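Enquirer: Residues per chain, in single letters:
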Amino acid sequence: MSSFQRVALMGLLFVLPIAIGPAAVQAKVFDAKQTVLDNGLQVVVVENHRAPVVTQMVWYKVGAMDEPPGKSGLAHFLEHLMFKGTPSHPAGEFSAILSRNGGEENAFTSQDYTAYFQSVASDRLELVMTLEADRMANLDIDATHFEPEKKVILEERSMRIDNEPGSILSEQAGSAFYRNHPYAIPVIGWRHEIEALTLEDAQAFYRRFYAPNNAILVVSGDVAAPDVFDMAKRIYGPIPARDLPDRPVETEPPLLTQAVVSYADPRVTTPSLSIRKQAPGWAESRNDPDAASERYALQVLSQIVGGGPTGILYRRLVIDRGLAVSAGAWYDGSNRGPSSFGFYITPKDGVSPDEAETALRQEIETILRDGIGKDAVERAIVRLQDAAATAMDSLSGPARTLGSSLAIGMTVDDVESWPDRIGAVTVEAVNDAAHKIFSDPGEVETRLLPKPEAEAPKS
Amino acid sequence: MKPIRYLLIALILVWAGPALAEVNVEKVVSPRGLTAWLVRDETVPVTAIQFEFKGGGAGHDPMGREGTAQLLAATMDEGAGPYDSMAFRKELADQSISLGFSAGRDSFSGSVYTLNRYRDKAVDLLRLSLTEPRFDEEPVNRIRAQMTTSLRGQQTDPSSRAGELMFETIFDGHDYARPTEGTEDSLAAVTVNDLQAFRRAVLTKDRLFIGVVGSITPEELGPILDSAFGGLPDRGETDATPDFDGAVPPGIKVVDMDVPQSTVLFAQKGIALDDPRYYTAMVLNHALGGGGFGSLLTDEIRVERGLVYSVYSFLHPMDHAALLRGGAGTANETVGEVVSLIRDAFRKVKEEGLSIDRIDDAKTYLTGSFPLRFTNSSRIADQLVAMQVYGFPIDYFETRNERIESVTAEDVNALAAELLDPDGLLFVIAGRPAGL
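Residue numbers (the UniProt record's numbering), protein chains in the order written: chain A, 1 to 459; chain B, 1 to 436.
If you're looking for bench data, these hints aren't it; they were derived computationally from the structure.
Treat the hints with care, since some could be wrong.
Unchecked claim - Simulated pairs of lysine-lysine, BS3-like, Cα-Cα distance not exceeding 30 Å:
hint: 1; chain 1: A; residue 1: 28; chain 2: B; residue 2: 90
hint: 2; chain 1: A; residue 1: 151; chain 2: B; residue 2: 348
hint: 3; chain 1: A; residue 1: 151; chain 2: B; residue 2: 253
The structure presented is a predicted model; accordingly, all values stated were derived computationally and were not measured.
Turn these sequences into a full structure, and let the hints guide you.
Expert: Structure representation (structure tokens):
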């Protein structure tokens with residue numbers, strides 16, 4: 001709607017593999033230029049001269065997974081408080097100056113990172129850099145803003161989670177899927193823990209993690225990279241680096257059990273089911289070539305199995321067998337921590353959840369038995385590369401792709417060479433990945449079910 | 001502490017107006033006389049085509065078969081010419097072509113986005129879907145089932161329920177009270193004959209407006225227009241929806257729903273797109289509730305009191321009516337307070353006017369953010385269509401900001417005094433509100 005809505009990314013945004021990079025025969029995806037300032041700030045520039053505008057994004061490599069125990073929602077709370085002023089720009093002034101200058105802004109928090117961005121006429125880049133650098137170093141939250149903002153966040157939680165039965169289920173299922181990793185805890189935070197957060201918690205978190213050496217500046221638009229580097233050095237360069245805390249690398253033990261997480265709510269009108277299995281994320285594939293190639297193979301596999309109306313599951317379950325109104329699969333391999341491969345089905349009227357589940361499992365079995373063919377793999381690869389070929393048809397898209405990738409530990413080269421790596425995926429790798437992931441008995445199944453109004457106990 | 005030095009730069013930076021995007025709009029007339037507005041852009045090797053059949057929306061749905069236009073929009077790309085649904089979808093997927101249609105209250109729209117190397121195929125698939133859709137039983141029933149599922153979901157969704165009741169209340173007896181998505185019963189009643197009849201009667205050249213953006217020359221575009229759209233009928237059924245001449249009934253309506261947060265929608269009389277004061281109204285609305293942080297409603301209700309995550313207002317001009325609308329989400333217990341605060345804000349602006357600062361800030365936002373609309377092909381093509389539909393001149397992009405700059409504070413406050421109607425606001429609330 002506007003520049004205004006803050007999004008607590010629940011990981012859902014990356015349901016599809018991030019589409020980046022043109023076909024293998026073409027040049028680099030974004031032709032991004034990069035440098036690192038003396039204080040550790042990584043600076044990345046994508047030149048795009050289509051319109052006289054620019055997007056600045058600052059990505060902090062800190063997200064909900066970095067919160068201290070018992071302080072869920074703190075990373076997102078701090079994101080809100082970042083709009084509450086510095087000594088030189090009191091609360092609201094950042095947004096007011098930006099708006100007056102025709103700028104749009106946004107910010108969001110995920111498990112892995114927190115990002116702030118502005119889009120504005122390119123001759124205002126210095127202005128937005130100055131404002132963003134100021135709050136990187138000098139946030140000074142006026143205590144009078146703390147409690148009202150807590151209420152805002154509780155309303156945000158009501159809107160995103162409590163008013164949405166599907167979100168209630170996802171939140172609960174996350175805790176069943178991750179037994180060890182902090183991904184078990186929702187980004188927006190548990191209500192009772194949000195209510196208990198203090199201004200001191202937010203200040204401590206800010207001092208701990210908000211520093212140039214824990215951030216990435218991405219600038220995309222009508223600019224020249226050398227000019228941006230100079231400007232960044234002048235404006236962000238004086239901010240001192242901080243000693244960053246050692247962060248434990250939590251991993252997830254193998255999921256050996258089968259769990260069903262079921263939620264019935266009178267607001268649900270059509271049941272839906274999902275099955276989620278463990279799969280490698282970026283962190284696991286970083287130092288393990290096998291896991292790395294498996295990750296690319298899974299991106300191709302999810303396209304073949306679950307990619308829209310031509311995906312195998314939609315074709316078999318919705319069209320051929322007429323059992324469902326929708327069905328598909330997703331793979332979210334773009335995170336710092338462990339990841340998952342999932343399947344979903346929404347049964348048609350008259351088809352019970354049990355029947356839908358049986359049919360979904362039959363199709364997964366059939367995929368394993370028959371295997372994925374060469375033709376399907378080749379077509380999926382072309383489709384993914386084609387999607388990447390249009391990545392520059394956007395101002396902020398390139399900044400978002402680069403920022404989110406670098407923030408989880410990828411390099412610019414990893415991003416630029418994505419189409420080549422997708423292009424190198426073989427039929428064998430896709431089938432191996434399918435066997436490894438789909439045959440793994442460990443899983444969490446979710447069931448979102450209707451509930452007759454009369455039985456509803458909750459108010 | 002060093003960065004503070006640079007902040008002074010920010011404070012003394014004076015508004016000078018951003019460079020406007022140099023967007024050259026060309027009018028292209030095809031060999032067979034079809035017109036499109038074109039913006040050439042070599043940034044990426046793509047072609048984006050957007051088009052709209054003006055006055056071709058759900059108003060043409062037969063009585064008792066509401067949802068026809070939307071079912072048509074969702075099935076025209078589910079099989080056409082020699083391709084059944086699966087084959088058509090496979091052609092689209094294998095060539096990475098995005099093609100789709102949508103139907104609203106007033107118009108029927110479509111879009112194609114393709115890499116240039118697949119453009120011939122994309123144009124052919126567009127032609128087939130417009131002129132030879134098959135409406136085979138399987139896809140029509142499948143899409144109908146999906147729409148029915150979505151309709152059921154809306155029955156327990158506070159925003160959908162509140163929006164539906166708002167339109168029923170305001171437009172009682174008028175076409176706009178009919179649900180564009182239909183109902184379960186009306187969707188079930190739509191036949192393939194209805195779909196074909198709607199397509200032939202409404203998707204016609206006399207109401208067609210086309211915008212194209214991408215790496216394409218006028219010489220290349222002409223034959224493409226003829227190929228894609230040339231087979232449509234010349235003339236069609238006129239838009240029989242009458243202009244709405246009623247008033248928004250003031251008051252508060254509640255849809256009882258067991259949810260922790262109420263959805264609050266509000267509306268009053270708005271201002272038509274062809275009203276000379278439309279640009280004044282844009283400035284007024286932006287300052288009132290249009291701009292996120294910095295709007296009066298957000299300052300008063302979110303920032304000061306923390307009662308909402310989101311509160312907003314917007315102008316909603318339609319072909320046959322115009323509303324000033326808005327909304328908020330707040331805990332059931334604070335609905336009464338939020339409703340009062342919204343009324344108070346309307347009353348304050350009506351009686352006291354907006355400050356010069358708020359008005360100036362709204363103007364410089366609206367002019368300064370204009371170039372941000374020119375960063376992606378489909379979005380530019382959309383604007384080319386809208387300009388034609390609204391009857392704007394082809395040099396509109398160059399003159400649009402002047403229209404906003406020429407709005408004065410006196411204009412804004414005079415309009416506020418006349419238009420804003422704190423006691424005439426209709427509130428529709430879905431939830432278990434308290435304090436009303």
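Enquirer: Each of the hints needs a verdict: does it hold here or not?
Expert: Going through the hints against the structure:
Our distance criterion of 30 Å between C-alpha atoms is met by residue 28 of chain A and residue 90 of chain B, whose separation comes to about 29 Å. For the hint linking residue 151 of chain A to residue 348 of chain B, the alpha-carbon distance of about 25 Å falls within 30 Å, and the restraint holds. Distance restraint check for residue 151 of chain A and residue 253 of chain B: the Cα-Cα separation of roughly 26 Å lies within the 30 Å cut-off, and the hinted pair is therefore satisfied.
In this structure, none of the earlier numbered hints is contradicted; all agree with it.
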